[in-house]
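Engineer: Residues per chain are reported as follows:
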Amino acid sequence: MKQFLLMPEFQLLVWALVLFVFDAYRPQTKPRTLAWLGILGAALVLGATFVEPLTMGVGQYFHGLYSVDGLSIFFKQFFLVTLIVVLWMSAEFVEVLPLARNEFLLLPMLTTVGMLLLASAVDFTTMFVALELVTISFYVLVAYQRNRSASLEAGVKYLIIGALSTGFLVYGIAFLYGNAGSTSFATILETLSTNPLNLSILFAMALILVGLCFKISAVPFHIWAPDVYQGAPTPVTAFLAVGSKAAGFVVLLRLVFFSCFGNPVVAPYVSSLLAVLAGVTVILGTFAALPQRNLKRLLGYSSIGHAGFILMALSCLSPRGVNAVLIYLISYLLAGLLAFFLITVVSKQVEGEELVNFSGLSKRSPLAAFGLTVAFVSMAGIPPLLGFAGKLGVLAAAWEAQRYVLVGIGVIAAAVGLYYYLSIVRYMYWNEAADGTAAVKLSCSAKWLVWLLVAGVIVFGIYQMPIATVVDQVLLGRNW
Amino acid sequence: MSELLIVILIAPVLACLGIAAGLPAKKTALMTVLFNLVASLLLAFKFQIGSAGYQFVSSIPAMSLGNYFNTNLKFGVDGLSLLLLLLTTVVSAAAVAVVPNDIKRPREFFILLLLVVSGALGAFLSIDLFFLYIFHEIALIPTFILVGVWGNQDRKFAAIQMTIYLTLGSMVLLAGLLGFYFAMPENVRSFDLEEIRVALTASPLAASVQGWIYLLLLGGFGILASLCPFHTWAPAGDAAAPAPVAMLHAGVLKKVGIYGLLRLAVPFLHAGVHQYVDLFLILILLNVIYIGVVTIWQKELGFMLGYSSVMHMGMLFLGIASMSVLGLTGTVILMLAHGFDIALLFALNGEIRRRAGSTHFADLGGLAQRMPKLAFLFVIGGLASLGMPGLANFAGEIHVFFAAWKAFPWWVTVLAVWGIVISAIYILRAVRNIFFGDVPSTLPQSEDLVKWSQRWPFVMLALALIVIGFYPRILTVFVQPVVNSLLGL
Chain V
1 MKQFLLMPEF
11 QLLVWALVLF
21 VFDAYRPQTK
31 PRTLAWLGIL
41 GAALVLGATF
51 VEPLTMGVGQ
61 YFHGLYSVDG
71 LSIFFKQFFL
81 VTLIVVLWMS
91 AEFVEVLPLA
101 RNEFLLLPML
111 TTVGMLLLAS
121 AVDFTTMFVA
131 LELVTISFYV
141 LVAYQRNRSA
151 SLEAGVKYLI
161 IGALSTGFLV
171 YGIAFLYGNA
181 GSTSFATILE
191 TLSTNPLNLS
201 ILFAMALILV
211 GLCFKISAVP
221 FHIWAPDVYQ
231 GAPTPVTAFL
241 AVGSKAAGFV
251 VLLRLVFFSC
261 FGNPVVAPYV
271 SSLLAVLAGV
281 TVILGTFAAL
291 PQRNLKRLLG
301 YSSIGHAGFI
311 LMALSCLSPR
321 GVNAVLIYLI
331 SYLLAGLLAF
341 FLITVVSKQV
351 EGEELVNFSG
361 LSKRSPLAAF
371 GLTVAFVSMA
381 GIPPLLGFAG
391 KLGVLAAAWE
401 AQRYVLVGIG
411 VIAAAVGLYY
421 YLSIVRYMYW
431 NEAADGTAAV
441 KLSCSAKWLV
451 WLLVAGVIVF
461 GIYQMPIATV
471 VDQVLLGRNW
Chain U
481 MSELLIVILI
491 APVLACLGIA
501 AGLPAKKTAL
511 MTVLFNLVAS
521 LLLAFKFQIG
531 SAGYQFVSSI
541 PAMSLGNYFN
551 TNLKFGVDGL
561 SLLLLLLTTV
571 VSAAAVAVVP
581 NDIKRPREFF
591 ILLLLVVSGA
601 LGAFLSIDLF
611 FLYIFHEIAL
621 IPTFILVGVW
631 GNQDRKFAAI
641 QMTIYLTLGS
651 MVLLAGLLGF
661 YFAMPENVRS
671 FDLEEIRVAL
681 TASPLAASVQ
691 GWIYLLLLGG
701 FGILASLCPF
711 HTWAPAGDAA
721 APAPVAMLHA
731 GVLKKVGIYG
741 LLRLAVPFLH
751 AGVHQYVDLF
761 LILILLNVIY
771 IGVVTIWQKE
781 LGFMLGYSSV
791 MHMGMLFLGI
801 ASMSVLGLTG
811 TVILMLAHGF
821 DIALLFALNG
831 EIRRRAGSTH
841 FADLGGLAQR
851 MPKLAFLFVI
861 GGLASLGMPG
871 LANFAGEIHV
881 FFAAWKAFPW
891 WVTVLAVWGI
901 VISAIYILRA
911 VRNIFFGDVP
921 STLPQSEDLV
931 KWSQRWPFVM
941 LALALIVIGF
951 YPRILTVFVQ
961 PVVNSLLGL
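Sequences listed follow chains V and U, in order.
In this text, residue positions in the first sequence follow the numbering used here: the first is 1, and each later residue adds one.
In this text, residue positions in the second sequence follow the numbering used here: the first is 481, and each later residue adds one.
So here's chain V without its partners, still in its complex pose (with noise of 0.2 Å):
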């Protein structure tokens, strides 16, 4: 009972229970008052997760489905962190929903249950339910303005594609329980490593890696991400892009570097598939990216790209390979959140999403434009934004690796992806305003969150020796 009360998922999940209880008895509360609740809950939650390994301890629990590491601990920052931008964010848009407002503000953090619950399963089947929860939900907030017909169909393609990417996850670990007669992670290793490689083992594998691409918005599952980025509310569009996609690389992590598929006789086989994955989804993320005139369809691609970029690094199967996607993904946390949140905000005053109506953005705030530059500028890695060191991180690991090809993916794949970065930057210092010259008006939160993310981007990108500490803690915590 005390290992329960000490779980930060069963922390959230109470904390979310008794806010949609008291909005059920409250229905007049302001959202506003509703999100902050929420932030303060996640903060104290993740507040907790610093003390998580005195109070709880490092170790395995609950007959082995559940797992506190470095590993975990950090995922689940990562996740509280998402949580705490994606709820400022809600609060910035939610107004323009129509009903059902307050609801909008507390399913997140349900999601995040999820997601803290994924960082930890150290079984196939606490893995699969978490990872339920998170979809499940998203299918929810991503179809959330039942008005529009663009968050219906995005609702409906992820729905579909979901379901057919959970079908290859289920039988890939049908497969696996049916060769290692268990769903525990060590006890798979175990068989993995004592008896020989057959033809359905490599199936299995292949099978869930490739329904993990879905969650990670990878080949041959991306399809979805552009429309639902276009048409999902911003916020769920940045709580996809971010805590989605992380949620899909802490599974692949735990998977194929620090349990199961880690061992020798199946790391060849998955280290290959994924680097092909990884160089197929880089290209088309990045090609595709370019003739898009919207721009959270634009932002759709580049996350595929992004996630390529990610792929290529954890296929080396080595520390440097995890640091890189480590380093990679709190640069796109931060630079990612800084974006969709700025988006959020401005296409409220601006009325539309297209890049038009970025035009002479640099006028109308300087802030804004400031933060979305910083923002793309990080994301296609240039120094000496944080950005870079995910980039460098990634071409580093796979050149370690020896894989040239990957090397000059990334190396054509960054300069692309910079072309379209400035495309945006383009519109917003270079073009006049099309429609309205009015300023775009930042409430007073919304610039301290503006402030801090920058200030995240830009001193991080200089000073790194704060997050390499914090990674190479996820990476001492491999020999549990």
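Since the hints were derived computationally from the structure, they do not count as laboratory data.
Chain U residues, not near chain V, derived (Cβ > 10 Å throughout): (1) L514; (2) I529; (3) H754; (4) V774; (5) K779; (6) E780; (7) F841; (8) R850; (9) K853; (10) P889; (11) W932.
In silico DSSO-like links for lysine-lysine, alpha-carbon gap of 27 Å or less: (12) V:K363 to U:K636; (13) V:K363 to U:K506; (14) U:K506 to U:K584; (15) U:K584 to V:K441; (16) U:K507 to V:K363.
C-beta: ideal position from N, C-alpha, C; glycine also.
For chain V, the structure is supplied; the task is to place chain U on it using the hints.
Structural biologist: Coordinates of chain U only, in the frame set by chain V:
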């Protein structure tokens, strides 16, 4: 004195913050670059001539990247980087000084310009390759915005073309640097040039690996320094950029490419250089002859200068290709000579545009009657550019030609010397078209550089050309020990 080095580097950044906080933009920027000029001259006087190692070294260990890269933020100068520091401070002082007082959005302009300056300074002062790369990249996005917002002619296209091309170049370069890093034995991997020297003198890289890495670095640095097939961004970008940006870019930032080859390829990859010397020579001759012919065809001063700058890069590369004391010394002299020269010409290009409203040869003529002083300065810059003895470029080119004659078959030098003839053609034609002949009736009334406050940046650059031209030893005493140590002599 090592503190002074750090101060030089930080001063532009502080000035940026100051300007953002509300200090008068031009005054602050000008004070900063003048301070840097004085400080770098002071460093040059304190510099101990004759030693090849780095002096005024200081490092900031907190800026490392964790366990996965052995980088070390370390600043210092040897004879080579000291000269390039002087080039940067002189050109940046001139560049800030020639910014017109009525420029739009001055605050943003000077902040971005100072960021470009600090990027160039950092690149030349870093002893660590990784930070050399980072500092060069810092200048990238500010240049993009400067060209796009304050540029002229086809600025939007030029800005984006230039930025993407340079990014591609620096990504190739990054791949090359990573290749270099991982090619070293695992326990001695480092980006620190001093540590690399120790590690690779003991056990040089295998020849096949060197060739690989050299090609990547040649591609990367070649794009940055506009080596022939990768040059297309340069003329358009420099022609579209506002004068101060073109000065800094063509005069200083392009030299980072040459500097990188000198620092990396010459000492550590000589097997690679020898292996691909034929390819390199073909590209160099294309640079000189083909681009030279293209330059002759230009009908607009900015483009002509842009192409001529690309063309002159061929001479610098030729010096490197010869891999000899004479050739490398010539390259270094040319780096400074070309830097001062092209900065002077681009600055005058900006003045002419502002006064005459156009820089197309067809719209201009007879300006020498109205602006004799400007014309005089332009002729000095032009003569330097075509290699007139007594001016800086001649001193460098003669070194390079002698070295090339010794190192390569005779026809290489014979073809390269044609570059001088070609330069003479386009420079003299430009001088005739712009400054002599009849004044077109469409030309607006405008005055010469009347006051010394307007004139001094140009005069400073012209003086630098004359001093180096008459007394190149002022450079060679600094360079000699470095060149010897680069060649392992």
